Amino acid sequence: MNWNAVGIALMLAVGVVYPFILPGYMTVGITILLFVGWATAWDTLGGWTGQVSLGHSFFVGLGAYVVALGQNRYGLAPWWTVLLAIGAAAALAYVWGRITFGLRGPYFTLSTIAFAEIFRLIAINEKWLTGGATGVFIASLPEPFGIDLFSRWTQFYLALAFAIVSVGLVALISSRKLGYELRAVREDENSAMAAGINPTAVKLKAFMLSGALTAVGGGIYGIFLSFLEPHVLFNVLLSVQIALTAIIGGRGTVWGPAVGAVLLVVAGEVFRTTFAQANLLIYGMLILAVVLFLPRGLVGELSRRLVRRRYARSIKS
Amino acid sequence: MSGDLIPFLQNVANGLLIGGVYALIGVGLTLIFGVMRTINFAHGEFVVLGMYCAIVFNQALGWDPYLSLVIALPAGFLVGVLVQRLVLSIIGDAPEESSLLATLGLSLIIANSLLLTFGGEPKSVLVPYASSTITMAGEVYISVVLLLAGVATVVAIGGLYLLLNRTEIGRAIRGTAENRLGAELVGINTKRVHAMVFGLGTMLAVAAGVALIPLLFASPTTTGGVFTLKAFVVTVLGGLGNIGAAIGGGLLLGVVEVLGASYLTSEYRDAYGLIAFILILLFRPQGLFGRTVQRV
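One line per chain: the protein sequences are C and P, in this order. Position 212, counted from 1, in the first sequence is what my numbering calls 212; the numbers after and before it change by one each time, with no gaps. Position 270, counted from 1, in the second sequence is what my numbering calls 587; the numbers after and before it change by one each time, with no gaps.
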């Protein structure tokens, strides 16, 4: 039985009925789904390929701004500008990766922060390009077949589609050749090369896929916010949130990032009144606990125990 | 002196003084990396802890920021030792990435605890000598606050130099940095050395925070990240793990920032250091002044 297919079917079923059962929690639902998609997208590079990026908010900002500015300045509908954002994100990820993939481990991580910070400064200061620090407001959107893109219901189902496509893609890749190549590069680049894999090419594929998917979520996020500010969208703390969601849930697993997203967004909501703006405190405490006690993340550790138990049982019988 | 030269000298002097404080922050980070191989993402938050320490004693007792060093320095050392003992020593020899993630978690915990305790509005300390200046070489004015920060930097780095090169503890630290197993074999307690080094690094960061607070506003969640990034820029500019290089890197970053802000555009003040950082990582990963990477 294909458990990934079962999981995705379950996700679809829960997602479709969610707005009918919890219509008062649409914002939370959309946030969860966006983080499921972003963390899963991050994981193709950070988990499966082992290149920890702390610059992914750049792709969120890119997606949101391409959709908003395309609509405001050129009257381009979001479904066209999202395609544009995918192309732009993949192209920039290619260039960015070409420059920095010579760096290994923590040095790569540091360079992603530096790159994302430079892009953030550009977004804040280049008024002709982004509208500057004051932000951009999406005033009107087209209504395809009478569907209102500003309604939370539409946004929820868009985010659901984004989350399912992300998880589905990773599930598909994980059992294909590319999935094995990604893991080979993560485990040992030299051995991967000996096996005929080009590590830089593999990392570039992962980065382009990761960036493009994140930008799609960014486009939906832009419509959801409808008011875009560069210091929110290009914030390094958003990058940190995306990365930690995937790592706490379980890096390099199909379902880890999704589980992390549900856990962290719900926890943030529960402690909203206690912590107010300080909700990143939860991320800090959980990542510390994960590094110290569950280095594989929640799902990673759980699946390892299940595999061991099954193995132990098979030996006994 | 000619008309163009004076503002230039003024900028260079300011850049060197502020760069001295960057150097102080970078030296702490590079000491920790050189000895422990720990990528410390909480370093900027330790700077902010120093700032808040000065703010609290100033508001409660009216102390001058520099007087609060009496409490801030030992407290910083203790915090560093505790962090090493309770968190980093458990991770042990796991890949560098684990220490990066653990200290990233610590930085979020410190920043958001400060936010919960003191609220989000930026705070500073107003000292009576805030706008005093002294005149150098006829027409170059140097702010007393900056000058004091420069003096504090020289004293702190000088003290660290003496500790590392003139004492038995320093020998143990240098030995551990060079070869941990070898140090262990000749009877050095490297666990204690690691705790002490993390304490020292934290103490230097706290001292830098105290020296900086009369100059700028501290906000609980954003200031730390800014200084963590600056610390990495400084250390990578010079060469990670090398104290002398971190001093050079700090002074260089200070001058580049001030000159860039006044002759190019001030909006990109923070970008100049980052661009230099990426270029150095790509083309000269051992740093501007580094021969090899592993030196303290």
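These aren't lab readings, by the way, just hints derived from the structure by calculation. Do not rely on the hints blindly, as some may be mistaken.
Some chain P residues close to chain C (C-beta under 7 Å, calculated; not the full set) [unchecked claim]:
#1 LEU425
#2 LEU432
#3 PHE435
#4 LEU581
#5 LEU591
Here the structure is a predicted model, which is why all the values come from computation and not from measurement. From the three backbone atoms N, C-alpha and C, an ideal C-beta is built for every residue, glycine too.
Hints not upheld, ascending by number:
3 and 4
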